[in-house]
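Asker: The listed protein sequences correspond, in order, to chains A and B.
Per this note's numbering: the first sequence ends with 463, consecutive numbering throughout.
Per this note's numbering: the second sequence ends with 463, consecutive numbering throughout.
Source of the hints: derived by calculation from the structure; they are not laboratory data.
There could be a bad hint or two in this list.
For chains that are exact copies, the list does not tell them apart, and a pair is met inside one copy or across any two.
[Claimed, not checked] In silico lysine to aspartate or glutamate, DMTMM-like type, Cα no more than 20 Å apart, as pairs:
no., residue 1, residue 2
1, K123, E286
2, K31, E248
3, K364, E286
4, K423, D16
5, K31, D45
6, K368, E57
7, K364, E57
8, K364, D56
9, K426, E229
10, K55, E24
11, K55, D224
12, K364, E281
13, K364, E285
14, K426, D16
15, K72, D356
2 protein chains.
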Amino acid sequence: MIPIDIDAILPDIKELIEKENKGALQNILIDLHPADIAQIFSHLNKDERAYFFTVIPTHLASKVLAELDPPLIEELTEGLGINKIAAIVSEMDSDDAADFVSALPEELVPEILKRIPREESDEIKELLHYEEDTAGGIMALEYVALPATATVNQAIEEIRRLRAKQEISHVYSVYVVDEENHLLGTVSMTDLVLADGNTLLKDIMETDIPTVSTDMDQEEVANIFRKYDLVSMPVVDKENHLVGRITVDDIVDVMEEEGAEDMAYIAGAPDEEITEESTFKLARARLPWLLVAFFGETISALLLNQFNATLQQKVMVAFFIPIVMAMGGSTAQQASVIVIRGLATGDLSVRDTTKRLIKEFRISFFNSLFFAALIFIIVYLWDTVFFAGILAVSIFVVINNAAIIGALVPLTFKRLKIDPALAAAPFISTANDILGILIYLSITTFILHLGMGK
Amino acid sequence: MIPIDIDAILPDIKELIEKENKGALQNILIDLHPADIAQIFSHLNKDERAYFFTVIPTHLASKVLAELDPPLIEELTEGLGINKIAAIVSEMDSDDAADFVSALPEELVPEILKRIPREESDEIKELLHYEEDTAGGIMALEYVALPATATVNQAIEEIRRLRAKQEISHVYSVYVVDEENHLLGTVSMTDLVLADGNTLLKDIMETDIPTVSTDMDQEEVANIFRKYDLVSMPVVDKENHLVGRITVDDIVDVMEEEGAEDMAYIAGAPDEEITEESTFKLARARLPWLLVAFFGETISALLLNQFNATLQQKVMVAFFIPIVMAMGGSTAQQASVIVIRGLATGDLSVRDTTKRLIKEFRISFFNSLFFAALIFIIVYLWDTVFFAGILAVSIFVVINNAAIIGALVPLTFKRLKIDPALAAAPFISTANDILGILIYLSITTFILHLGMGK
Numbered sequence: 010m011i012p013i014d015i016d017a018i019l020p021d022i023k024e025l026i027e028k029e030n031k032g033a034l035q036n037i038l039i040d041l042h043p044a045d046i047a048q049i050f051s052h053l054n055k056d057e058r059a060y061f062f063t064v065i066p067t068h069l070a071s072k073v074l075a076e077l078d079p080p081l082i083e084e085l086t087e088g089l090g091i092n093k094i095a096a097i098v099s100e101m102d103s104d105d106a107a108d109f110v111s112a113l114p115e116e117l118v119p120e121i122l123k124r125i126p127r128e129e130s131d132e133i134k135e136l137l138h139y140e141e142d143t144a145g146g147i148m149a150l151e152y153v154a155l156p157a158t159a160t161v162n163q164a165i166e167e168i169r170r171l172r173a174k175q176e177i178s179h180v181y182s183v184y185v186v187d188e189e190n191h192l193l194g195t196v197s198m199t200d201l202v203l204a205d206g207n208t209l210l211k212d213i214m215e216t217d218i219p220t221v222s223t224d225m226d227q228e229e230v231a232n233i234f235r236k237y238d239l240v241s242m243p244v245v246d247k248e249n250h251l252v253g254r255i256t257v258d259d260i261v262d263v264m265e266e267e268g269a270e271d272m273a274y275i276a277g278a279p280d281e282e283i284t285e286e287s288t289f290k291l292a293r294a295r296l297p298w299l300l301v302a303f304f305g306e307t308i309s310a311l312l313l314n315q316f317n318a319t320l321q322q323k324v325m326v327a328f329f330i331p332i333v334m335a336m337g338g339s340t341a342q343q344a345s346v347i348v349i350r351g352l353a354t355g356d357l358s359v360r361d362t363t364k365r366l367i368k369e370f371r372i373s374f375f376n377s378l379f380f381a382a383l384i385f386i387i388v389y390l391w392d393t394v395f396f397a398g399i400l401a402v403s404i405f406v407v408i409n410n411a412a413i414i415g416a417l418v419p420l421t422f423k424r425l426k427i428d429p430a431l432a433a434a435p436f437i438s439t440a441n442d443i444l445g446i447l448i449y450l451s452i453t454t455f456i457l458h459l460g461m462g463k
Numbered sequence: 010m011i012p013i014d015i016d017a018i019l020p021d022i023k024e025l026i027e028k029e030n031k032g033a034l035q036n037i038l039i040d041l042h043p044a045d046i047a048q049i050f051s052h053l054n055k056d057e058r059a060y061f062f063t064v065i066p067t068h069l070a071s072k073v074l075a076e077l078d079p080p081l082i083e084e085l086t087e088g089l090g091i092n093k094i095a096a097i098v099s100e101m102d103s104d105d106a107a108d109f110v111s112a113l114p115e116e117l118v119p120e121i122l123k124r125i126p127r128e129e130s131d132e133i134k135e136l137l138h139y140e141e142d143t144a145g146g147i148m149a150l151e152y153v154a155l156p157a158t159a160t161v162n163q164a165i166e167e168i169r170r171l172r173a174k175q176e177i178s179h180v181y182s183v184y185v186v187d188e189e190n191h192l193l194g195t196v197s198m199t200d201l202v203l204a205d206g207n208t209l210l211k212d213i214m215e216t217d218i219p220t221v222s223t224d225m226d227q228e229e230v231a232n233i234f235r236k237y238d239l240v241s242m243p244v245v246d247k248e249n250h251l252v253g254r255i256t257v258d259d260i261v262d263v264m265e266e267e268g269a270e271d272m273a274y275i276a277g278a279p280d281e282e283i284t285e286e287s288t289f290k291l292a293r294a295r296l297p298w299l300l301v302a303f304f305g306e307t308i309s310a311l312l313l314n315q316f317n318a319t320l321q322q323k324v325m326v327a328f329f330i331p332i333v334m335a336m337g338g339s340t341a342q343q344a345s346v347i348v349i350r351g352l353a354t355g356d357l358s359v360r361d362t363t364k365r366l367i368k369e370f371r372i373s374f375f376n377s378l379f380f381a382a383l384i385f386i387i388v389y390l391w392d393t394v395f396f397a398g399i400l401a402v403s404i405f406v407v408i409n410n411a412a413i414i415g416a417l418v419p420l421t422f423k424r425l426k427i428d429p430a431l432a433a434a435p436f437i438s439t440a441n442d443i444l445g446i447l448i449y450l451s452i453t454t455f456i457l458h459l460g461m462g463k
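The shape of chain A in the complex, shown without the other chains:
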């Protein structure tokens, strides 16, 4: 029974792979959904994967490959001949086939397209044309479309015909178009079931329907699905011609993908696949974020050098550099993550900038007073009231400054049409480290110069 507990069957599968027991493995495969088989691959090592893949029959292999991440697709197809790959591609739906082909080495693509039926290769070529993360990039070309004068019975016949050709499996809506393929409306399956067979589609179609154009960003498409509780949505070109349809299962994947990307960016990491094996590729992908942190903190070092005299005069000043950095960094991350998320879902827009900054300032004002008081007490007990005052003022200024930066930078990125999630780390945190040190040591130097804080 689905859902399968992968963890429970994995040890058996690993053992059978080691014994190269093809028959027993194929017996297990019969009961598994392609998505389960795909998930098993991500828990195997490279050699296990290579053998396990040879056990899977072709018709199932195409379904499994449609579920896998690009690094695994590349790895598993490496040993396959071009004819075998072409056979796999021609068994896939247009959208899966296009995604699969994009994961292969570029030079193979024309060779593969030559070897599959013309109609299918034309569809794949059309889809490859669109940017991967747009409505065009996630739509499929398999849909049911009929003229407004068609009857419910004709619509049912058309679904039956397309299904027999294995063009479609599940249908959620029938699209109604005019002679030039302009979208006029949709009829849901529920309405189709309940209507009399001789009813005309135009009499039961819904005309006030959400549509998207091919170039809309996939994250925006996902927001529309979420907002209007959709299961499928037609994609149209600039002249409202029907060109494809997006179903919610693809949107669920998009949300997962975009969520992973935003999360990774917020943490200052590339959006990598967990299945990627190449150490060099992974290390290189993570390098840019580390480089920004490295050179940002080199500036911190140069800045501290400027305050050499202050640090010489009172070495204790150095003890509190980490706390100043951490309070600023944490506050900025809290402010930025709520703004980044709000911008991604559309609950927040750049119009709300002033309102949001005021809100963040009010929150940080409260917390900065709290931590200023806390550090005052700690440093007062440890050292002088002067130095306690210096740290209290520094923490107060640093926290409020960090909140404003944390909220303002992603809003500014959005205005400049840069992904706001890229703002958080390491830019905001590095900038806050530098500013925090500058604020803290400027205040300290000023007070020490007055001869009060020794």
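We have chain A already, so just place chain B on it with the hints.
Answerer: For chain B alone, kept in the frame of chain A given last:
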């Protein structure tokens, strides 16, 4: 035409609210989807919201409230009488009604339930019984169930009857049950449309179907929907009795919610609503993360105090504290975010711990060599070859140490059944700061003690 561009109509709406032009506002409302109206609320200020809500007719208000976040629900219903709230609740689907009622002050709930029809209040009570973030908490009780011996025509009649009662709107599957309501299988709408009217449901039902029990965590439920490309799924109790159904539009909301929560936790922030207005509530919610950072870095300060002599001897050592902290922190966040995400999606399990640690170590080894070389050059040009060596070794050790901690801590949290996303910040980053300082200053002190690094 949907989708509406909220940003474009917002200025007009704000102006009409200011003029208190009820008629014109209601004219605009006619063309809007309840989800659009809900989104407009999040861009208005408190006074605007209060007036705008009075403009919305009751039947629409219940749909709009079903789309709003708890803080706004609380705010908008504050002024409403208990009878009005009860009228709103009785227009909602069972799952929306239960969510809505949970957002209200607890003492109101029994009063509201008394004022709505018995059947509906029983349903809501049943749903309130389940934990909010489980399958039971997100399921609805409105579904179409028939015996295995029913015909396709009978199923269509049943859908028509329930729809006329406004019990259901869209149907994706018909559930087949025995006399004791045990789930036997499902029939998709596509299969229902294509089958002959006299076909028995048992002859076309799918029996190998995914189901979940009421107590399954909603994140796991979402993973099952995503894995098997589902649109709806039946919920069963321990004895396989059908108790409800979950539809993909709720799953899309769950993914958005869980994604926001994970993202916030990774950044060291509470999972707050962007619409929450109370400064005090927000400041208090953010405080725990800041407190961990504060006390963690207080330990850093005490630790630096232990190395007072070293810092006195060579104040330049202090200049590089930020870079050591940042390189460790960034590396740990990169390692932890990929592990946290993998655990959330199920692509990674605690079984893979050793494999994952080796992979992270290989990546960090590469990057640590790179940055050790880079800092060696910079410090060599600035100061002595000895101090350059100290920093190169420190950066090398700190980066590799951080990668192991970053990967190991969330895996350990998962093993201990604590949300791994809670591990990242500020625990991992604070621990890394302390360890980074300890490693760096221990190495420095040791070498300076040998009298080499002056």
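Asker: Look at each hint and say if it fits the structure.
Answerer: Hint check:
1. Proximity of K123 and E286 under a CA criterion of 20 Å is satisfied in neither setting, with 31 Å inside one chain copy and 60 Å between copies.
2. Taking CA atoms no more than 20 Å apart as the test, K31 paired with E248 passes in neither setting, with 54 Å inside one copy and 36 Å between copies.
3. In this assembly of identical chains, K364 and E286 lie within 20 Å of each other by CA distance solely across copies; the values are 11 Å between and 45 Å within a copy.
4. Taking CA atoms no more than 20 Å apart as the test, K423 paired with D16 passes between copies only; the shortest distance there is 14 Å, against 42 Å inside one copy.
5. When the C-alpha separation of K31 and D45 is checked against a cutoff of 20 Å, the pair qualifies only within one copy, where the shortest distance is 18 Å, while the shortest distance between copies is 55 Å.
6. For a Cα distance limit of 20 Å, the shortest separation of K368 from E57 across copies, 17 Å, qualifies, whereas the shortest one inside one copy, 54 Å, does not.
7. Proximity of K364 to E57 under the C-alpha cut-off of 20 Å is restricted to the inter-copy arrangement: shortest distance 14 Å between copies versus 56 Å within a copy.
8. Only between protomers do K364 and D56 lie at most 20 Å apart by alpha-carbon distance; the minimum there is 14 Å, versus 56 Å within a single protomer.
9. In this assembly of identical chains, the alpha carbons of K426 and E229 lie at most 20 Å apart only when taken from the same copy (14 Å versus 34 Å across copies).
10. In this assembly of identical chains, the alpha carbons of K55 and E24 lie at most 20 Å apart only when taken from the same copy (15 Å versus 63 Å across copies).
11. For the homomeric pair K55 and D224, neither the shortest alpha-carbon distance inside one copy (38 Å) nor that between copies (36 Å) is at most 20 Å.
12. Only between protomers do K364 and E281 lie at most 20 Å apart by alpha-carbon distance; the minimum there is 17 Å, versus 35 Å within a single protomer.
13. Only between protomers do K364 and E285 lie at most 20 Å apart by alpha-carbon distance; the minimum there is 13 Å, versus 42 Å within a single protomer.
14. In this assembly of identical chains, the alpha carbons of K426 and D16 lie at most 20 Å apart only when taken from different copies (16 Å versus 43 Å within one copy).
15. Proximity of K72 to D356 under the C-alpha cut-off of 20 Å is restricted to the inter-copy arrangement: shortest distance 18 Å between copies versus 37 Å within a copy.
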